[in-house]
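**Q** Now for the letters of each chain:
4 protein chains.
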Amino acid sequence: MITIVSGTNRPESKSREVADFYKKLLLQNDTESQILDLMDLPADFTFSALYQNSGKNEQFNSLRAIMENSTKYVFIVPEYNNSYPGVLKAFIDGLSYPNALIHKKCALVGISDGIQGNVLGLSHLTDVLNYLGTHVLAQKVRIPLMKKNFMEGEIQDAFIHQLISEQARLLLQF
Amino acid sequence: MITIVSGTNRPESKSREVADFYKKLLLQNDTESQILDLMDLPADFTFSALYQNSGKNEQFNSLRAIMENSTKYVFIVPEYNNSYPGVLKAFIDGLSYPNALIHKKCALVGISDGIQGNVLGLSHLTDVLNYLGTHVLAQKVRIPLMKKNFMEGEIQDAFIHQLISEQARLLLQF
Amino acid sequence: MITIVSGTNRPESKSREVADFYKKLLLQNDTESQILDLMDLPADFTFSALYQNSGKNEQFNSLRAIMENSTKYVFIVPEYNNSYPGVLKAFIDGLSYPNALIHKKCALVGISDGIQGNVLGLSHLTDVLNYLGTHVLAQKVRIPLMKKNFMEGEIQDAFIHQLISEQARLLLQF
Amino acid sequence: MITIVSGTNRPESKSREVADFYKKLLLQNDTESQILDLMDLPADFTFSALYQNSGKNEQFNSLRAIMENSTKYVFIVPEYNNSYPGVLKAFIDGLSYPNALIHKKCALVGISDGIQGNVLGLSHLTDVLNYLGTHVLAQKVRIPLMKKNFMEGEIQDAFIHQLISEQARLLLQF
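Residue numbers (this note's numbering), protein chains in the order written: chain A, 135 to 308; chain B, 135 to 308; chain C, 135 to 308; chain D, 135 to 308.
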């Protein structure tokens, strides 16, 4: 099963819109997927689901189970202060170790209002995911200038559309 | 004012112990400092203090004010999944932008039970802090093998002790 | 064909010894491989084989052809100033673009006399290789404290030996 | 003394043009500087000036002396394969250690034909320079889309011009 992680808990996020777009993209490649939206995290998860409380928060456990039961992922990663959102990393910090992500495969999509498309955040996340044993598809897609390049649920720039379509196909073969 | 950030919300963390040690170290250099412990974050801060709720959580605001009113920082950064803790990044994501950290200066200390001393986490954090306008002292200190190298509130390894003492002096001149 | 890149032009390098070890390791998995030693680079390649001289240096072209004709790689990467050797990057800068490395797969081994095992260099190299379209196996192996951990052509530390043996098997399936 | 390093040995490079621009910028701030152009490296320096030959190449030694005798640097760093040029790193690998760069200060400028402005290369170089003891000014400047943003020796984009002018002033106070 492929899980698309919408990488922020911001309400009505652009990340979620891109996740919805990616789900349609995979469907066009005859592949079902599910979206895990960090909006659905329990509000106090950084205290109630980590460390000595690991495994004790049922709402968090249900998200954790989705990650454990998937074999491939797409991470939609908005640029927050030149890296991934802290909330995305805190979610990963709460997964069971070492079995949640080991020997899994994933694709990364960086998004930003600015011109970088979260290039550094994708690099940082690659370090984290590789450490956890998840292979990262070389073809990372960046969507900079989101306000212009992504409107009404669709990628507006033809070249970026080509890149993300190719990424989706490569992930299925990866 | 120098603020020492204990970079995790884990209860009774080693990071806090190292922060306490660093406070003593600065005092030996005739310099007062204060500790900001991420344990004191409101449990639901990733929802109640970010995005549309920025500025609305008084408990979070008081921590934010400490950061804004400081000019130098020491970040004690434990290694979580080959990077900084998500909670530390989420805390930074909640600071006021762009004025909280710009033109400030800091020193970084990485700690780990394993042998890396969070070398990648310090690199990732440097990317974030530089983006926010904070100069990072070149001399980063890593304390690997914490169980052996840090006991009873003191650094046990003579070379690491020398490095961290030098770092503290350099930070005061930075 | 699998090519093992010995990632420095230092004479009688430890990297070459580890490359020889890895070749034996692959053979134990019934797989032939070849070693490309950066010692064999033409001495003036950074001037005679790059930019306007790309393709004009026959000795360099023969090394370039080896890279182009391989589908999997192992990079043995010594730690030089907290990153990969400049010579390794200059060699990659001289490869034909975009076809030399795209859709290829590789495994990374970091080595160092110090305790890091070139963790940052492997991160930097992952950024470069991913950009060029090469998938990097998540399981990166670090051999720190080379003087102790690698003697007489063999890895001395049992745990590192287990990790590198597992890496070799995973690369063959990757 | 401030040395501006033109970070590639490519003939007639854009990096050199940006270095010339930066020299004028510093002069407008009443500060003399000198340019070290990697074009002036001996063609075989990666063999004749490194490892067992360290210190034996007079032409390389003269460049090395310039670095040792400077206290501040500006690095102009073109984007080669998503990082700094291998030649720049090989040059750094040939400097005397640990005294060449320790306790020095520098500013970084990334340039690229594409839209990134070498953001990853500046991150990698920061890791290297911090390791060598050089403080990196937080305010890194990126000049993407060089063909449009830099013409006839001048920065065309008003915002980038403002950023680089501010960087130069901050470096002088750093």
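A few of these clues could be false.
Which copy is meant is left open, because identical chains are indistinguishable; a pair holds if it fits in one copy or across any two.
[Said to hold, decoys possible] List of simulated lysine-lysine pairs, DSS-like, C-alpha gap at most 30 Å:
| id | residue 1 | residue 2 |
| --- | --- | --- |
| 1 | K148 | K158 |
| 2 | K282 | K238 |
| 3 | K158 | K281 |
| 4 | K158 | K238 |
| 5 | K190 | K158 |
| 6 | K239 | K157 |
| 7 | K281 | K190 |
| 8 | K238 | K157 |
| 9 | K281 | K157 |
| 10 | K239 | K158 |
| 11 | K238 | K190 |
| 12 | K239 | K190 |
In short, the hints are calculated from the structure, not lab data.
**Q** For each hint, tell me whether it holds in the structure or not.
**A** Hint by hint, here is what the structure shows:
Taking the shortest alpha-carbon separations for K148 and K158, only the intra-copy value of 16 Å comes in at or below 30 Å, while the best inter-copy value is 43 Å. In this assembly of identical chains, K282 and K238 lie within 30 Å of each other by CA distance neither inside one copy nor across copies; the values are 33 Å within and 33 Å between. Taking the shortest alpha-carbon separations for K158 and K281, only the intra-copy value of 20 Å comes in at or below 30 Å, while the best inter-copy value is 37 Å. With identical chains, the CA atoms of K158 and K238 are at most 30 Å apart both within one copy (22 Å) and between copies (28 Å).
In this assembly of identical chains, the alpha carbons of K190 and K158 never lie at most 30 Å apart, being 34 Å within a copy and 37 Å across copies at closest. Taking the shortest alpha-carbon separations for K239 and K157, both the intra-copy value of 17 Å and the inter-copy value of 27 Å come in at or below 30 Å. In this homomeric assembly, K281 and K190 come within 30 Å of each other (Cα to Cα) only across copies, at 27 Å, whereas the closest approach inside a single copy is 40 Å. Taking identical chains as interchangeable, the C-alpha atoms of K238 and K157 lie at most 30 Å apart whether they share a chain (19 Å) or sit on different chains (27 Å).
In the homo-oligomer, the alpha carbons of K281 and K157 lie at most 30 Å apart inside one protomer (20 Å), although the nearest pairing across protomers, at 37 Å, exceeds that limit. Taking the shortest Cα distances, K239 and K158 sit within 30 Å of each other both inside one copy (20 Å) and across copies (28 Å). Taking CA atoms no more than 30 Å apart as the test, K238 paired with K190 passes inside one copy only; the shortest distance there is 25 Å, against 40 Å between copies. Taking the closest pair of Cα atoms, K239 and K190 come within 30 Å of each other only inside a single copy of the chain (28 Å); across copies the shortest separation is 39 Å, beyond that limit.
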